[in-house]
Amino acid sequence: MKKTHWLLRIFHNYLSFIMASLIFIMMIGGLVDISFRYLINKPIPGMSELMALGLGILVYGSLPLVTANNEHITVDLISWNKNRYVAPVVSFLVNVFSSLMLFTISWSIAQAAMDFASYGARSSFLEINLSMIAWVMSAMAFMCGLIFIAKSFPGKSSNQDKEKTP
Amino acid sequence: MTISLIGISLVFVLLLLGVPIGIGMAIIGTAGFGYIVGLEPTLSMLGQITYETPVSYSLTIIPLFILMGNFISRAGLSQGLYDAAYSFLGHYRGGLALATLAACGSFSAVSGSSLATAATMSKVAMPQMRSYKYSDSLATGVIAAGGTLGILIPPSVLLVLYGIMTNNDIGKLFVAGIIPGVIALLMYGAAIAFVTARDPQAGPRGERSTWAMRLSALKKTSGIAILFLVIIGGLYIGIFTPTEAAAVGAGGGFFFALVKGTLTFTTLFDVLVETVKMTAMIFIILIGASLFSNFINVAGLPRALVAWTDNMNLAPIAILLGILLIYIILGCMLESMSMMLLTVPIFYPLIVSLGFDPIWFGIIVIVVIEISLITPPVGLNVFIMKATLPDVSIKTIFKGVFPFVIADLFRLALLVALPGLVLYLPSLM
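For the protein sequence lines, the chains are A and B, in the order given.
For what it's worth, the numbering used here labels the leading residue of the first sequence as 1, then goes sequentially.
For what it's worth, the numbering used here labels the leading residue of the second sequence as 1, then goes sequentially.
Since the hints were made in silico from the structure, they are not lab data.
Check before you lean on any hint, since a few could be wrong.
[To be verified] Here are the computed lysine to any residue pairs in the SDA-like style, where the Cα-Cα straight-line distance is at most 25 Å: (1) 42(A) - 234(B); (2) 123(B) - 71(A); (3) 82(A) - 123(B).
[As the list claims (entries may be wrong)] Computed, partial: chain A to chain B, Cβ under 10 Å: (4) 7; (5) 21; (6) 32; (7) 37; (8) 51; (9) 64; (10) 69; (11) 110; (12) 111; (13) 112; (14) 134; (15) 137.
All C-beta atoms in this analysis are idealised placements derived from N, C-alpha and C, irrespective of residue type, glycine included.
Make the full structure from the sequences, and use the hints.
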């Protein structure tokens with residue numbers, strides 16, 4: 001994220017803050033729910049539903065951060081970077097393939113969002129609008145695709161993502 | 001069957017090009033599924049998997065356990081664990097290596113990550129072993145090998161993923177990993193004894209600690225021991241579901257780091273961001289693996305494999321050994337999580353049809369993956385060691401891990417020959 005536009009840096013920081021807050025709230029919520037359930041037999045209503053929907057947003061919301069920081073898990077057996085003629089071509093192909101897949105994912109979730117909207121789907125307990133959740137997930141997947149497209153232009157960044165394992 | 005073999009080959013091509021693993025599997029999974037069943041069902045399947053996979057309460061276990069590990073890593077636990085282990089074992093020949101092993105085992109129990117264990121323990125244990133003139137080969141070998149325990153000793157993210165992919169009880173998988181984890185510690189200890197018996201200069205004795213020092217060192221790690229016992233004990237007795245255990249673990253890790261005074265706003269933010277990014281990385285692979293698994297299933301590869309083994313009239317153990325051999329070879333090329341997610345949909349139905357226990361197979365897969373973490377050319381833990389200790393050659397580290405690879409192969413043979421070692425504890429649940 002060193003050479004990016006200041007607007008993107010601000011977006012990156014805000015998104016990081018939102019996602020960090022979300023996981024923190026999920027942790028505290030889960031802990032309080034369990035404590036209440038076992039200590040006073042009163043679990044927080046709908047907490048499991050909130051955590052499930054929160055996870056959906058967290059996964060897709062964090063994907064642009066992973067992509068922008070080149071932190072996707074990749075196989076690193078061949079160092080394409082060593083060949084200055086092949087490297088840009090491979091980098092372009094990798095980023096274009098990846099962006100197309102992310103756009104497809106975004107589109108398919110958008111379809112699900114439209115389906116949810118068509119019959120007014122809501123979560124079973126808290127009656128949260130599922131279409132809205134799906135739209136957020138779709139938008140984030142789309143943004144991830146855009147980042148891959150931006151990375152496919154030479155000089156912006158490398159396709160050689162860092163290898164990481166949990 | 002041909003179409004699935006072409007699909008698998010294309011996945012490898014994409015991965016070698018450098019396409020992120022989850023995305024590579026998703027591309028081929030979607031394209032292959034579309035080729036077989038047509039566009040409409042493919043788009044429907046795609047929407048279902050990409051939306052429904054992450055919207056799941058039971059899967060919140062993944063970020064919460066990662067969060068627990070990250071909090072505990074930041075709490076400076078590694079030094080405390082090492083000091084405690086050293087105070088009991090340091091005065092034996094190879095005692096510092098044994099202490100490193102014990103600290104790796106304990107640290108991995110709460111971090112759940114092999115690479116985090118290897119990277120952290122290399123910073124803590126290596127300077128100490130060097131000050132006692134331990135050979136670089138033994139010192140780096142024991143850290144790299146000890147680090148592999150992270151994916152077997154519960155809670156392990158890989159076991160969670162295996163449980164999700166195969167619909168097996170995650171609590172039982174966690175408990176099943178305990179005895180093989182202890183056997184690993186014993187066998188690695190035997191490997192250290194063997195190396196230091198052959199070359200006493202490789203691991204000289206350290207100083208003997210007094211009981212007062214030992215008790216003081218133990219006291220510093222008591223909080224984390226209690227957290228581990230609450231999580232695993234709670235799962236074992238049935239007080240918690242795995243998801244609840246993860247929430248308790250993450251909350252406990254947070255309070256542990258808070259009490260230790262290692263959490264500032266900045267470190268808290270770093271830990272949380274690191275956790276969400278790791279979660280996204282894992283889920284994109286999980287989504288890709290689910291899409292790829294659907295393609296493999298409609299292409300009929302698992303059924304074809306079962307039919308082929310029936311026709312060949314091979315003994316189940318021969319087929320199992322063949323599968324393990326494939327895992328060991330793949331492990332030399334692929335990263336651990338993706339190897340598991342790529343292969344389990346193919347081999348799992350075959351293994352179950354042969355009558356092997358799915359929980360046992362999960363542990364066996366993890367043990368083979370552990371071996372792959374320290375075998376060339378990919379051996380990720382070895383490269384982590386090289387990254388943290390640039391002055392030690394890769395050759396020296398691989399030489400150092402060799403006795404531990406042999407110990408792992410013995411352990412694998414033992415667990416294959418005696419499945420009860422894996423299945424005894426889960427059978428009591």
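Broken hints, by number = Of the numbered hints, 3, 4 do not hold.
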